[in-house]
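Colleague: The chain contents come next:
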Amino acid sequence: MKFVDITKRAGRSLRESKARTILTSLAIGVGAFTITLSLAAGAGGRQYAADIVSANTNKQELQVSQKQESALSGPQEYSDSPSVTFGGRFSVKQLSSADIDKIAAVSGVKSVSPAYNLSVKYITRVGAKKYNASVSQYNNAMSYNFIAGNGKNLADDEIVLSKDYITALGFKSPQEAIGQTVDLVVARAADIVPPQDQKTFSYKIAGVIDQNELSFASNQTVILVTPAAAKTMYDYNQTGTTTYGNYLAAVVIAKDGVDVNTVKDQLNKLGYDAQTAQDLMSTIFQFINVLQGILIGFGALAVLTSVFGIINTQYISVLERTQQIGLMKALGMRRRDVGRLFKLEAAWIGFLGGAIGAGLAMVVGLAANPWISNVLSLPKGTDLLIFQPLSVTVVIVGLILVSVGAGILPARKAAKLDPIEALRTE
Amino acid sequence: MIEIKHISKTYGKKESAFEALKDVTFTIPDGASVAILGKSGSGKSTLMHAMSGLDRPQTGEVVIDGQNILTLKDKQVDRFRAEKIGFIFQSFFVQGNETVSDNVSLPLEIANVAFSSRRKRVEAALDSVDLLEKKNNRAKDLSGGQKQRLAIARAIVNNPSIIFADEPTGNLDSVTGAKVEDLLFSYNKNKGATLIIVTHDADLGAKCDIIIHIKDGKIESIDNKKTRDGAKR
Ligand SMILES: Nc1ncnc2c1ncn2[C@@H]1O[C@H](COP(=O)(O)OP(=O)(O)O)[C@@H](O)[C@H]1O
Ligand SMILES: [Mg+2]
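Protein chains in written order, with this note's numbering: chain V, 1 to 426; chain H, 1 to 233.
Keep in mind that the hints were calculated from the coordinates and are not lab data.
For every residue, glycine included, the Cβ atom is placed at its ideal position computed from N, Cα and C.
It cannot be assumed that every hint is accurate.
Stated by the list, open to error - Facing chain H, from chain V, some residues (calculated, C-beta under 10 Å):
#1 K121
#2 A330
#3 D337
#4 I420
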């Protein structure tokens, strides 16, 4: 018998018992609904996390540090490489200037900027109070939210400040601050006993940024200078200290068109510990995946319950249609085809349930997206539920397969039926 | 040609064993109309099931066109039934929820007949039993006689060379029964197909070329009008 003919007959007999078919499908639909929503939430969560990470990092960027000993119990072997030791046991190895040169020599590396661990005493300007300051390096690849000026071609004597500093330093508006001069005062750390030598570094304000909705450091007061400017201040600040020239970490930018992972492998081979933005993302993803897994578990439980519903429905159907099955077998329909007929009916039930559940999940999810974003105060345009055609298809196909599995026992019963017994009337 | 050689069929086991067919042997030439005549419980249906490959007697041979169907695998027997045999039952067994034409197309689907020729064949079969105008009706809305005519259309649609009819008029009044009989005999005459009617109705039996009398699972006698040998066994 042709597969099309069997499929049509399966569909027809389901239509004969509409109520039963739909009720059985609905049970599966609950599972499909839950699983589809879980997958959408997972996809949305991962997308959101990826947005956050890409707003805060550059995908060509790697965080590089020395490979650290993983076993921290017991006495640790002494190593000649620069390190900061905590209580004789926990020691963090640092990167030396030689390391930096070695990293810069790696073929895929465009630039290496050590994380200059410099401390600035304060920021101020003429006629303004002094404020605590923490200076970071401007990163071309990150998306800053400029409200005045910009960071394009930031010169070594220019600075980018967050909005809060502008107000604190007495500017009337961010626009007015552009091109004005601010002073960073740095002390020499090598002079342990005061009065320390100190020096004033002056910068022109090139841009003012507001907090980025996706930024981790949303409330921070940010001061950004070029890596070269940071180095100048670092040199003044740290020269003469024991840790001068050693860095906890460095930021490596891979050349455009070079896969960061290739660079990562190269650096790892040289004995460094390199982490890409993706690695950071995968930690967040892991967390989202666990949550998603729990939700899917609930859906799977619903599917499991509906499996018994399908088995039950199909057994009843076989009993009700004993005569029909007997006739088809008497007319020469093969056992395999009779079995297929019932498995296909189960498949239809699975398809219906999957389509109803997944369809409903999409309708509800798409309608709820704006509301969810509002309640969780997510940035505009961010959807927490993302329905991917592929995963919806996989859910439906998966449920069809599960249903066919549930239909196997009843189908076998139908296939085994003895036509003579089935057609006995007296 | 259908050759039945020494078939015996026993139902049940040990103490409850019951021998429904006892060493049955006879031959039916192609194109004959045959009545298997006997009282209720004499083993007529059991014999028919054995001859048509629906059942397997424990011993003996059922040789059809030179092939002993009892040695075939299930799959091959199914195919044999789908391609060569038409069945008509006392209780019609039409599928009430399906349309008249879907009922008739079932044997074509089972026999893997191409889509292109199906419609024509279904309509020809329905036309020959006078049900063409009912083709889109549901089978459950037909009367008893119409249902049996539908069953005949279903039995002949795939041009079988043998038709088995088990008490085809048993559930019908004499007028509708007569029409059903006419249809069966005319198919037998026009197409040269072998017609085997299982019945306890001697009048119906008398219309056949060959009458096989069966009693308690044994052949009592065979009347052959054409050779008029009337051999007693
Ligand atoms: N499956 C079965 N199990 C036991 N006995 C059976 C079975 N089928 C038929 N019989 C017995 O075999 C005998 C012949 O039955 P059957 O061929 O149906 O008779 P008929 O069709 O002539 O009325 C009857 O006595 C019946 O009770
Ligand atoms: Mg009978």
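Colleague: Indicate, hint by hint, whether the structure satisfies it.
Modeller: Hint check results:
1. For K121 of chain V, the shortest C-beta to C-beta distance to chain H is roughly 89 Å, which exceeds 10 Å, and the interface hint is violated.
2. For A330 of chain V, the interface hint holds, since its Cβ comes within 10 Å of a Cβ in chain H; the closest pair sits about 6 Å apart.
3. At about 8 Å, the closest approach between the beta carbon of D337 of chain V and any beta carbon in chain H falls short of 10 Å, and the interface hint on this residue holds.
4. Because the beta carbon of I420 of chain V sits about 6 Å from the nearest beta carbon in chain H, less than 10 Å, this interface hint is met.
The structure is inconsistent with hint 1 alone, although it conforms to all the rest.
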